[in-house]
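Enquirer: Using the hints provided, position chain B relative to the given structure of chain A.
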Amino acid sequence: VRATHQGALVSAGVLLGCGLGGFFDGILLHQILQWHNMLSSLRPPLDLVDMKFNMLWDGLFHAFTWLMVCLGLWRLWVAGERADVPWSARTFTGALLLGWGLFNLVEGIIDHQLLGIHHVHPGQGELLWDLGFLGLGALQSVTGGLLIRSGRADVVPPGSIGRAPDGRGSLAAGRSGR
Amino acid sequence: VRGPAHARLSAAAAGLPLSLVGVAPALACPRCATGQEARRQVWRDDFGDHLAMTVLPFLILGAMSWRLHSIGRKP
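Which chain is which? The protein sequence lines are A and B, in order.
What the first sequence shows, in my numbering, is residues 78 to 255, in sequence order.
What the second sequence shows, in my numbering, is residues 17 to 91, in sequence order.
It is worth saying that the hints were derived from the structure and are not from the lab.
In this text, all values refer to a predicted model and were calculated from it rather than measured experimentally.
Just so you know, even glycine gets a beta-carbon here, dropped at the ideal spot from N, CA and C.
Heads up, a few of these hints could be off.
What the hints assert, rightly or not - Away from chain A, derived, C-beta distances all over 12 angstroms, residues of chain B:
id : residue
1  : GLY19
2  : ALA21
3  : HIS22
4  : SER26
5  : ALA28
6  : ALA29
7  : ALA68
8  : GLY78
To be verified - Listed next, the stretches of chain A that the computed footprint assigns to chain B, with coverage defined by at least 3 CB atoms under 8 angstroms from CB atoms of chain B:
id : stretch
9  : 178 to 191
10 : 197 to 208
Just chain B, same shape as in the assembly:
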C-alpha cells in the first residue's frame, strides 16, 4: 500500500537531481559571491609576495636536508 509518506519520498527523490543541476550551482560556494570575492583578492598584486612568504621556510628546509645528505658519505 502506497501512502503519503511514500509519495513524499518519491517527490524528494525526483527533486534531488533537479536541485543539484538547477539551484546548487548558483548558491554553492565555489561560485558564490563570497568565494569569488575571496579568490579575486588572493590573485591581486601581492600574490607573489604572499607566495614567497609561504614558500620561503620550505626552500630553506629543503636546502638543509640537501646539506645533511652528505653525512657519512665516502669520498
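Bound conformation, chain A alone:
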C-alpha cells in the first residue's frame, strides 16, 4: 500500500512546531533572559504593576501556544490512524521545523514589525535583532520545507514500519516502499 497523503502529517507537525516554537520564545526570551514580554513596547515593565500586567499577557500567549500543541497532538493522533498517511520521520521533523520557522516569521512580521508591541531585544540595534529573528525563521522554514520534500519518497503507512509484509515480525529493509 502506497501512502501519499503527506499533508495530514505535515499539518500536525506544523501545529506542534508552532506551539513548541512559541514555548521556546516564551520560556527563553520572556522568562529566562527577560529580553521582552508580550506587550513590553506598549507597557515597559518598569514597575511591579506593569510587570504583572505583562506577565498576564505572557500567560495568555502561552495559553495559545499550549492550544496549538494540543491541536497538533490531536491531528497527529488522527493521522496515525489513517492508512493513506506516510509515517515518515523526515516529513514529521521537517514539519516541526517548518512550524517553528513559520511561527518566527509570522510573529516577527506582525508583532515586531507591523504592530510593534514588542521587539526581540529592545534598545540599541533592536532592528538588527528583529531581522535576525526573521532570518532564523526563514532558515528554519526553508530547511523544514526541504526535509518535507525529501520525505515524499516515504510512502509506508503507520503501523507498517518495522513489520514484515505479513504483519508479523520485523522488517529490516528500508522504509521508502518504492
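Expert: For chain B alone, kept in the frame of chain A given last:
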C-alpha cells in the same frame, strides 16, 4: 526529654495553619493591591485590541496548517 527547641517547633507547627488562614490572604499576591491593580488595568477598554494582537499570529498559523493538510490527498 523535651527542650526549648521542641517547644519552638511545636509553636511553629501550631502557628503555620493560623498564618495560612489569617495573614496570608490579606498579603499574598492574588489579592494584594499590586495584583488587583494589574488585573484592573488588563481588563480596561483595550483588552480586546491586546487579545487580537496576541491571537492573530496563531490564527494565521492555524489557517496555514489547514491549507497544508491537502498535500498529497487523493481527490
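Enquirer: Look at each hint and say if it fits the structure.
Expert: Taking the hints in turn, this is what the structure says about them:
1. The non-interface label for GLY19 (chain B) is consistent with chain A: the shortest C-beta to C-beta separation is roughly 43 angstroms, beyond 12 angstroms.
2. Annotated as non-interface, ALA21 (chain B) keeps its C-beta farther than 12 angstroms from every C-beta of chain A; the closest such distance is 38 angstroms.
3. In this structure HIS22 (chain B) is separated from chain A by more than 12 angstroms, as the shortest Cβ-Cβ distance comes to about 40 angstroms.
4. Distance check for SER26 (chain B) against chain A: the nearest CB is about 37 angstroms away, which clears 12 angstroms, and the non-interface claim stands.
5. Once the 12 angstroms rule is applied to beta carbons, ALA28 (chain B) is consistent with being away from chain A; the minimum gap is 30 angstroms.
6. A cut-off of 12 angstroms between C-beta atoms confirms that ALA29 (chain B) is not in contact with chain A; the least separation is 33 angstroms.
7. Chain A draws ALA68 (chain B) into its interface by the beta-carbon criterion, the shortest separation being 10 angstroms against a cut-off of 12 angstroms.
8. Its beta-carbon lying about 7 angstroms from the closest one in chain A, GLY78 (chain B) breaks the requirement of being farther than 12 angstroms from that chain.
9. Judged by the Cβ-Cβ criterion of 8 angstroms, the stretch 178 to 191 of chain A is covered by chain B as claimed, because 6 of its residues qualify and three suffice.
10. Coverage of the stretch 197 to 208 of chain A by chain B is violated. Counting CB-CB distances below 8 angstroms, 0 residues qualify, and the rule asks for three or more.
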